[in-house]
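> Required output: the full structure, derived from the provided sequences and hints.
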Amino acid sequence: MENLSIYIHIPFCVRKCLYCDFLSFPVCEEEDASEKKYLGKSYVNQITDKTAAQIDSYVNLIQKEITRTAPEYEKYRVISVFLGGGTPSLLPVGAVSGLIGSIRSRYRLAEDAEITVEMNPDTVTEEKLREYITCGINRLSIGLQSADDAELSRIGRIHDYGSFERVYETARRLGFGNINIDVMSALPDQRIADYERTLRRVTALSPEHISAYSLTLEENTPLYERREAFRFPTDEEEREMYALTGEYLASCGYHRYEISNYARDGYECRHNKVYWQRGNYVGFGLGASSMTENVRWTNPAHMGKYRDYVEEIGHSAGSGSGAVIRERETESFALQRLTAAEQMEEFMFLGLRMMGGVSGQAFRDAFGTGMEETYGGVIEKLCGQGVLMRDRDGVRLTKRGIDVSNYVMSQFLFD
Amino acid sequence: MAAIDQSRIRNFCIVAHIDHGKSTLADRIIEKTGLLTSREMQDQVLDNMELERERGITIKAQTVRIVYNAKDGNEYIFNLIDTPGHVDFNYEVSRALAACDGAILVVDAAQGIEAQTLANVYLALDHDLDVFPVINKIDLPSADPERVKNEIEDVIGIEAQDAPLISAKNGLGIDEVLEAVVEKIPAPGGSPDNPLQALIFDSVYDPYKGVIVFCRLMEGRVSKGTSIKMMATGATAEVVEVGYFGPGQFIPCDELSAGMVGYLTASIKNVKDTAVGDTVTDLNRPCAAPLPGYKKVNSMVYCGMYPADGARYPDLRDALEKLKLNDASLNYEPETSVALGFGFRCGFLGLLHLEIIQERLEREYNLDLVTTAPGVIYRVHKTDGETIELTNPSNLPDPSQIACMEEPVVSAEIMVTTEFIGPIMQLCQERRGRYVSTEYIEASRALLKYELPLNEIIYDFFDALKSRSRGYASFDYELKGYEESRLVKLDILINHEEVDALSFIVHADSAYERGRKMCEKLKEEIPRHLFEIPIQAAVGGKIIARETVKAMRKDVLAKCYGGDITRKKKLLEKQKEGKKRMRQIGSVEIPQSAFMSVLKLDDK
Numbered sequence: 016m017e018n019l020s021i022y023i024h025i026p027f028c029v030r031k032c033l034y035c036d037f038l039s040f041p042v043c044e045e046e047d048a049s050e051k052k053y054l055g056k057s058y059v060n061q062i063t064d065k066t067a068a069q070i071d072s073y074v075n076l077i078q079k080e081i082t083r084t085a086p087e088y089e090k091y092r093v094i095s096v097f098l099g100g101g102t103p104s105l106l107p108v109g110a111v112s113g114l115i116g117s118i119r120s121r122y123r124l125a126e127d128a129e130i131t132v133e134m135n136p137d138t139v140t141e142e143k144l145r146e147y148i149t150c151g152i153n154r155l156s157i158g159l160q161s162a163d164d165a166e167l168s169r170i171g172r173i174h175d176y177g178s179f180e181r182v183y184e185t186a187r188r189l190g191f192g193n194i195n196i197d198v199m200s201a202l203p204d205q206r207i208a209d210y211e212r213t214l215r216r217v218t219a220l221s222p223e224h225i226s227a228y229s230l231t232l233e234e235n236t237p238l239y240e241r242r243e244a245f246r247f248p249t250d251e252e253e254r255e256m257y258a259l260t261g262e263y264l265a266s267c268g269y270h271r272y273e274i275s276n277y278a279r280d281g282y283e284c285r286h287n288k289v290y291w292q293r294g295n296y297v298g299f300g301l302g303a304s305s306m307t308e309n310v311r312w313t314n315p316a317h318m319g320k321y322r323d324y325v326e327e328i329g330h331s332a333g334s335g336s337g338a339v340i341r342e343r344e345t346e347s348f349a350l351q352r353l354t355a356a357e358q359m360e361e362f363m364f365l366g367l368r369m370m371g372g373v374s375g376q377a378f379r380d381a382f383g384t385g386m387e388e389t390y391g392g393v394i395e396k397l398c399g400q401g402v403l404m405r406d407r408d409g410v411r412l413t414k415r416g417i418d419v420s421n422y423v424m425s426q427f428l429f430d
Numbered sequence: 007m008a009a010i011d012q013s014r015i016r017n018f019c020i021v022a023h024i025d026h027g028k029s030t031l032a033d034r035i036i037e038k039t040g041l042l043t044s045r046e047m048q049d050q051v052l053d054n055m056e057l058e059r060e061r062g063i064t065i066k067a068q069t070v071r072i073v074y075n076a077k078d079g080n081e082y083i084f085n086l087i088d089t090p091g092h093v094d095f096n097y098e099v100s101r102a103l104a105a106c107d108g109a110i111l112v113v114d115a116a117q118g119i120e121a122q123t124l125a126n127v128y129l130a131l132d133h134d135l136d137v138f139p140v141i142n143k144i145d146l147p148s149a150d151p152e153r154v155k156n157e158i159e160d161v162i163g164i165e166a167q168d169a170p171l172i173s174a175k176n177g178l179g180i181d182e183v184l185e186a187v188v189e190k191i192p193a194p195g196g197s198p199d200n201p202l203q204a205l206i207f208d209s210v211y212d213p214y215k216g217v218i219v220f221c222r223l224m225e226g227r228v229s230k231g232t233s234i235k236m237m238a239t240g241a242t243a244e245v246v247e248v249g250y251f252g253p254g255q256f257i258p259c260d261e262l263s264a265g266m267v268g269y270l271t272a273s274i275k276n277v278k279d280t281a282v283g284d285t286v287t288d289l290n291r292p293c294a295a296p297l298p299g300y301k302k303v304n305s306m307v308y309c310g311m312y313p314a315d316g317a318r319y320p321d322l323r324d325a326l327e328k329l330k331l332n333d334a335s336l337n338y339e340p341e342t343s344v345a346l347g348f349g350f351r352c353g354f355l356g357l358l359h360l361e362i363i364q365e366r367l368e369r370e371y372n373l374d375l376v377t378t379a380p381g382v383i384y385r386v387h388k389t390d391g392e393t394i395e396l397t398n399p400s401n402l403p404d405p406s407q408i409a410c411m412e413e414p415v416v417s418a419e420i421m422v423t424t425e426f427i428g429p430i431m432q433l434c435q436e437r438r439g440r441y442v443s444t445e446y447i448e449a450s451r452a453l454l455k456y457e458l459p460l461n462e463i464i465y466d467f468f469d470a471l472k473s474r475s476r477g478y479a480s481f482d483y484e485l486k487g488y489e490e491s492r493l494v495k496l497d498i499l500i501n502h503e504e505v506d507a508l509s510f511i512v513h514a515d516s517a518y519e520r521g522r523k524m525c526e527k528l529k530e531e532i533p534r535h536l537f538e539i540p541i542q543a544a545v546g547g548k549i550i551a552r553e554t555v556k557a558m559r560k561d562v563l564a565k566c567y568g569g570d571i572t573r574k575k576k577l578l579e580k581q582k583e584g585k586k587r588m589r590q591i592g593s594v595e596i597p598q599s600a601f602m603s604v605l606k607l608d609d610k
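Sequences listed follow chains D and B, in order. When we follow the working numbering, the leftmost residue of the first sequence carries the number 16, and every step to the right adds one. When we follow the working numbering, the leftmost residue of the second sequence carries the number 7, and every step to the right adds one.
Note that these hints are calculated values from the structure, not bench results. Values in this document were obtained by computation on a predicted structure and should not be read as measured data. Do not take every clue at face value.
[As the list claims (entries may be wrong)] Residues from chain D that face chain B, not an exhaustive set, calculated with beta carbons under 7 Å:
id, residue
1, 272
2, 273
3, 275
4, 419
[Claimed, not checked] Taking lysine to any residue and the SDA-like style, the derived pairs with C-alpha atoms no more than 25 Å apart in a straight line are:
id, chain 1, residue 1, chain 2, residue 2
5, B, 328, B, 316
6, D, 414, B, 536
7, B, 560, D, 382
8, B, 565, D, 220
9, D, 288, B, 573
10, B, 235, B, 304
11, B, 582, D, 415
12, B, 582, D, 353
13, B, 582, D, 317
14, B, 556, B, 577
15, B, 565, D, 249
16, D, 414, B, 258
17, B, 278, B, 316
18, B, 575, D, 411
19, B, 575, D, 228
20, B, 565, D, 193
21, B, 580, D, 292
22, B, 560, D, 316
23, B, 230, B, 211
24, B, 215, B, 258
25, D, 320, D, 307
26, B, 574, D, 344
27, B, 574, D, 220
28, B, 582, D, 273
29, B, 585, D, 391
30, B, 576, D, 346
31, B, 574, D, 317
32, B, 574, D, 165
33, B, 565, D, 292
34, D, 31, D, 165
35, B, 560, D, 16
C-beta: ideal position from N, C-alpha, C; glycine also.
The following block contains the structure:
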């Protein structure tokens, strides 16, 4: 039986972080942020009735999508579920367990499936954490980003380090045994020593997994507009922070398994790896992307269109899943059937994000031809440039190759 | 058609400074004489090429025959020959003038006499043309016709008090001009009974008729069946058709005779055989001597032209071949560059000519070109006594074999208002100009004369002149000759490899400055690579300037989501696509734009 991973997109946040260009909407009033620190209240209490109704309605839509498309995925065994966002932990009590429940009842969820929920510290309550445990969530991913409150406020995070620590400790107390902490480097006005302090404090908590990203300044974000007001680390400093991350985390027992992801042995994120290893995955919710059997598509990113799509599945429920697939052929799904050549390209440029690199045997298994036969010249050139290296069964990025990985990956595209 | 009375023919042209309204007046004359209704008139009928219309200049001479019913009750035949309006085409202008008996001098009522007004009017007077002035643009608020009249009399020394005051744009005063043509321009001389002697002042290639030769008959007659000979090129042919010029069309007739302007075709395959300035005569009854003034036209400016996409080399070759059919002054020969692959070394009359050819290749033939820095023809005297005409800097012999080098020098005339004399003199000084004289035209305007090396003015001199005089200076030049000069070849090394396409010849004193600027510019153009890239400028193996493109430190997408894979691929594709437009020099990829950008070193 083939494996499937499920992603569920919750596009709501208390408010948008200043660097964020993802598909998400703020649901709280701006002034709440400053009051909160003194009140110690959860933001969830400040969500208006109207917004709460919108969230409920969205959760219901996803429920429908999960339920109604289930027949399409009967042959799969679900090995991971990931609730991402946005801020899934913003959902009211009952919503997350409802979604997981739908999957459990309509899909073949593996015994040992990895089920992750992303959290923003200031939206979590003990009650929600208990709910997560009860419904089978076995992995938490907490967006901390920095252990420095000044840095947090510069990038528009709603929480401070203290509230993160409380959430973390509560989660541990309740028995969560697989926790990821997100941290960021290359923040505005951040010095290398500042970043090192964040790494120290985070590792002191001994999470199983750490995602450490460099901030990418995206156009059309408030931080981009205000970029002149800050000093951003130079490329050289940014790379130094990256090197520091690898070295320091290694000394604490974490290995880098993907460009920006580190784990203790046995705790690599299964869901994350599915993307790079080109496993089957389906995304539910607004703007969520899927790939099954070498076909990629993306749900509408517009709420009205997404709603229409989900309701349409309802009407054609009797006629099986054909209508859904037809619907995805329309322009708004950007459906793409990957050719063999495109599959090879993806195999290489996605696989190379993994520190283990790509396997020659896996290439041959997938395409019936050798990696060296297809890419020998490119591999030779890149190895000569010191950005790629051959190992027992395939190739992987060198240390220098990671720094310039876009260049390396682009070389695997066919003309 | 009834025989034309030679005394009722007027062959004339219009001379003016650029933008003073020459082509607009030509349009009005054609319109007034009823050849076209206003509705049929497209602005500036005589400027045929799209490019000419766009740039507002005449590139090829155009000619039109019109019939005018004068106030004296007679019908006159006017042959209006519109001459090219740029110094690059001075020789063509001189031949077109030689085909005329008189000229209308158009002067802008606000601007007065400019450098080209003088150059063109002197050219006309040199050809013994009867010149009468008209004052154009009198509708402008700043028009000052009285001042301009005085200026014409003082400076040029021709009678101007009764000059027609016109506005060609609004059709004002055109009748007066037409009457003046009848009165002031003499009828052509010559006799139909003498042996044929016709001046070629232009030719165009037609795929069906072969070369169409534009000529003015000085003596004799020509008709279908006449065996003709081109006296300078020696080509012979049998005339297939003769005729005259309707606006935008050729109208066949039975015979051309002395005094007339028209065309002939004779199944001639190549415009090379019908050089401008050559004399056509009757093979069986030749005239005693050719008409004076014939010159073989030489290219003044050379550059390399390469297809951006190497696979389109054959297309470029075909396109040049086609353009050459119509343009005897375009020269090209194949050359190979290590950096740019297969291309052509092309010779032009001047920079405008170069730009025109380049634009036509790009527009009409849809070619994407990489052009090397334009240069002039240097004379290299070798120690073994041999002299080389150098058109490609890469072919410069080893310095040990060079006895001395010479470069072309021009005599330049710059008309400028007195307040800008200082800045303009400084500009000429910077360009190694040798001061000759200053003549005051009136209290506020002067004519500066300089001798300038041609290579200092071929590209941005005109722009610099305009910017330093706030647009008031005007400029004209002619080749004076060759002079010895301290010249060196400046080489550019990228990652220690010499890039032949970037080499150029420069005066020893400017080598350092130019080298430094080149390096700076290239540093901006060359993207970071995986390794550090030194960019060096060298003269005779000695490094005189250096910049470094630092190694790419970082090119990584930290965060990448499952859903972003399509986006990620697009990013990678864009990155790769960018590389395709690069030229590979050793292990360095140089964008095409880098080769072009160094042409514009003085852009601030």
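> For each hint, tell me whether it holds in the structure or not.
Hint-by-hint comparison with the structure:
no.	hint	in the structure
1	272	14 Å, violated
2	273	9 Å, violated
3	275	5 Å, holds
4	419	4 Å, holds
5	B:328 with B:316	20 Å, holds
6	D:414 with B:536	13 Å, holds
7	B:560 with D:382	32 Å, violated
8	B:565 with D:220	24 Å, holds
9	D:288 with B:573	18 Å, holds
10	B:235 with B:304	23 Å, holds
11	B:582 with D:415	19 Å, holds
12	B:582 with D:353	19 Å, holds
13	B:582 with D:317	31 Å, violated
14	B:556 with B:577	23 Å, holds
15	B:565 with D:249	18 Å, holds
16	D:414 with B:258	80 Å, violated
17	B:278 with B:316	29 Å, violated
18	B:575 with D:411	19 Å, holds
19	B:575 with D:228	20 Å, holds
20	B:565 with D:193	21 Å, holds
21	B:580 with D:292	23 Å, holds
22	B:560 with D:316	31 Å, violated
23	B:230 with B:211	19 Å, holds
24	B:215 with B:258	12 Å, holds
25	D:320 with D:307	22 Å, holds
26	B:574 with D:344	22 Å, holds
27	B:574 with D:220	34 Å, violated
28	B:582 with D:273	23 Å, holds
29	B:585 with D:391	20 Å, holds
30	B:576 with D:346	18 Å, holds
31	B:574 with D:317	21 Å, holds
32	B:574 with D:165	32 Å, violated
33	B:565 with D:292	16 Å, holds
34	D:31 with D:165	17 Å, holds
35	B:560 with D:16	42 Å, violated
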